[in-house]
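Chemist: Sequence:
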Amino acid sequence: MSFLWTTIKVADLEKSIEFYTDIVGLTVNRRFPAGPGREIAFLGDGGTEVELIFDAQRNDPPSYTRDISMGFSVADIGKKIDEIKSKGIGVHSGPFKPNPNIEFFYITDPDGVMIQFAQNL
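Position 54 of the sequence shown, counted from 1, bears residue number 54 in our numbering, the numbering being contiguous throughout.
Since the hints were made in silico from the structure, they are not lab data.
Quantities reported herein were computed from a predicted structural model and do not represent experimental measurements.
Every residue, glycine too, gets a C-beta built ideally from N, C-alpha and C.
Please note: incorrect hints may appear among the correct ones.
[Stated by the list, open to error] Listed next, the in silico BS3-like pairs over lysine-lysine satisfying Cα-Cα at most 25 Å (straight line):
(1) K97 / K85
(2) K97 / K79
(3) K87 / K9
[As the list claims (entries may be wrong)] Across the chosen pairs, the derived CB separations fall in these ranges:
(4) E83 / G47: 23 to 29 Å
(5) P95 / Q57: 36 to 42 Å
(6) S63 / S93: 40 to 46 Å
(7) N29 / N101: 30 to 36 Å
From just these sequences and the hints, can you work out the full model?
Modeler: Given below as structure tokens:
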């Protein structure tokens, strides 16, 4: 068994694609209409992808718990924090260094999903 993707229902597909390409660094692998008022985009740089689904007919905003996050590896946590701040995005929490081998911090995507950037030390 292998993990394929994480699905995130989004309020604004363009804004979410911009976030995941410009901030996280993923590439759009495929994007396609999926029925009236619905569009799907898959992003990733490896075996596991992020699937973004926009549904124009949805009346309520997407809702995500504060207790789930997606983690992404970075080469230099300090540089990533500087990059995030230069783009006007606030750090949600951190950086944290729970042991000598890792350091990480969190931001949120446009729909409130927690995104963790981690550097293995």
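Chemist: Which constraints among the numbered hints does this structure fail? Numbers only, ascending.
Modeler: 6
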